[in-house]
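Enquirer: Sequence:
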Amino acid sequence: MKNTPSKTLGDKQGGIPKKLSTESYKGVRDFFPADMAIEKKIFDIWRGVCEKYGYEEYGASVLEPAELYRAKSGEEIVNEQTYTFIDRGEREVTLRPEMTPTVARMVAARRRELTFPLRWYSIPNLFRYENPQRGRLREHWQLNVDIFGVEGIEADVEIISVAYNIMKAFGAKDEDFCIRINSRHMIQKEIENLLDDKTSYPKAARLLDKKEKMSSEEFQNEWSKISKKPFVINGVMARERTNELQGKLTLLGIKNVMFYPFLMRGFDYYTDIIFEIFDTNQENRRALFGGGRYDNLTSLFGGDKIPAVGFGMGDVTMRDFLETHDLLKNLQIPTSADYYICVVSPAEADAATKIAEKLRAKGSRVAVDFSYKKIGDQIKNADKRGIPEIIVIGEDEAKNGIYKIKNLKTGEERNPE
RNA sequence: GUGGCUAUGGUGUAACGGUUAACACUGGAGCUUGUGGAGCUCUCAAUUCGGGUUCGAUUCCCGAUAGUCACCCCA
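FYI, the numbering for the first sequence is 60 to 476, going by the numbering used here.
Just so you know, the hints here were simulated from the structure itself, not pulled from any lab data. Be aware that one or more of the hints could be misleading.
Under the rule of at most 27 Å between Cα atoms (straight-line distance), these lysine-lysine pairs were calculated in the DSSO-like manner [stated by the list, open to error]:
#1 K257 x K270
#2 K100 x K388
#3 K288 x K248
#4 K227 x K314
#5 K100 x K227
#6 K270 x K314
#7 K272 x K257
#8 K439 x K417
#9 K463 x K421
#10 K388 x K421
#11 K307 x K111
#12 K432 x K458
#13 K421 x K100
#14 K270 x K248
#15 K248 x K284
#16 K433 x K465
#17 K100 x K443
#18 K417 x K458
#19 K439 x K458
#20 K364 x K257
#21 K257 x K232
#22 K85 x K99
#23 K443 x K463
#24 K257 x K288
#25 K272 x K284
#26 K463 x K439
#27 K364 x K307
Sequences are here, hints too, so could you generate the full structure?
Expert: Below, the structure is given as structure tokens:
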């Protein structure tokens, strides 16, 4: 089929290229089988832990009306940081940049028929239009875990516990990461008391978020631009709020938790407890992921508020974490097949297929090599794929149906069960 | 969106402005008519793209593209 791009597209690219590029689009990834195996394993671990806590998986389209994000994030974010376009029906459409508005929409839509508390999780791909760099791409997959309908701190405890256990399921040790907690609501009150003008709170919050990266002089300098009052945060109110949480987590054996009054999180919709999983490794000192309580978001859709707590963790940062802590090797990526059938010549193809079918019927995963290359090459091929056992089908085996299974690790041959 | 750095076969690297663009791994073929991981031989395959300077550009300059780092932003 001939590719005939539209005139405008052709003009823009300076004509039709003779050869198409094999590169993927800027900031997105191809997953070749070796990468996909890791990705799949990460998803499996995510699913496994969530389902242990009784969470149900949901899904939605990557397309959302742009207004869903306008309502919450403001014009600027929608225009500059998302993929937004006009469809053929003049509707403004956005490729979802995050899942929380979507899940809030879904929950709000069925609020009367859903049975609360709701424990939901999803692994959506999300898009953001920005300059890619390490750990920040234009498309990534993110586990979203949320609990709806629980006002009490027990929900915060559970959500953080899920996050903690996911880290443990990847083989992380307590000292590899720490959990920072804060109360958005309480710290906001305290900061507002330090401001001459309450409307400068967003500026102050952004500055505090960056405090760790600056020297104290720099910080004081920046602070003086925002408020004339001296900067003193004792975090008493927030401390009180987080103490209970920390106590309950300790009872669960989660001890790498610390109160961090400068933890802010970017989202405006957080209302109370917020938390962040922080990498303690010197080379990767950064927030891995986080979340918190957002009790007001569903009210955007009218009706009563539904309290909610949740978090999101991305596959890119998870991979980076596993790499820096050398945990990828522990993932136990499964091989593509249990048996590899080497076929000597086309004459034995039907017999080989039959044997493969029989093994598959018994629940084994079987690949058949129809290349008719030399047996040595076929075996090499199986070994390269990490397939543990091979079966050679030649004239004799095809005739009488008797064959041996050879283990490539030990080199031993055995009869099939 | 802004700025810095980078760009050579599939991968990792080499080449004072002048060579037939080199080496290793990988892929393919063979040494070896049905039992592998080794060795040897042969072989496919690259200067990101577009301009400029120059007798001559992989090399220097400009632009585009992509990667990366920082800023911005962080959903």
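Enquirer: All hints are to be evaluated individually against the structure, with a verdict given for each.
Expert: We went through each hint and held it up to the structure:
1. K257 x K270: Judged against 27 Å, a Cα distance of about 20 Å means the pair holds.
2. K100 x K388: holds (12 Å)
3. K288 x K248: holds (15 Å)
4. K227 x K314: This hinted pair holds, its Cα atoms lying about 13 Å apart.
5. K100 x K227: holds (15 Å)
6. K270 x K314: The given pair, whose Cα atoms are some 25 Å apart, holds under the 27 Å limit.
7. K272 x K257: Cα-Cα ~25 Å, so holds.
8. K439 x K417: Within the cut-off at roughly 24 Å; holds.
9. K463 x K421: holds (17 Å)
10. K388 x K421: violated (30 Å)
11. K307 x K111: holds (20 Å)
12. K432 x K458: Holds, because 20 Å separates the two Cα atoms, which is no more than 27 Å.
13. K421 x K100: Holds - the C-alpha atoms of K100 and K421 are around 25 Å apart, at most 27 Å.
14. K270 x K248: holds (19 Å)
15. K248 x K284: Holds, at roughly 20 Å.
16. K433 x K465: holds (17 Å)
17. K100 x K443: holds (20 Å)
18. K417 x K458: holds (16 Å)
19. K439 x K458: Holds. K439 to K458 sits at ~25 Å (cutoff 27 Å).
20. K364 x K257: holds (25 Å)
21. K257 x K232: violated (42 Å)
22. K85 x K99: Measuring from Cα to Cα gives roughly 23 Å; hence the hint holds.
23. K443 x K463: This hinted pair holds, its Cα atoms lying about 21 Å apart.
24. K257 x K288: With Cα atoms ~13 Å apart, K257 and K288 stay inside 27 Å; holds.
25. K272 x K284: It holds: about 18 Å lies between the C-alpha atoms, which stays within 27 Å.
26. K463 x K439: holds (18 Å)
27. K364 x K307: holds (26 Å)
Checked against the numbered hints listed earlier, the structure breaks hints 10, 21; every other hint is satisfied.
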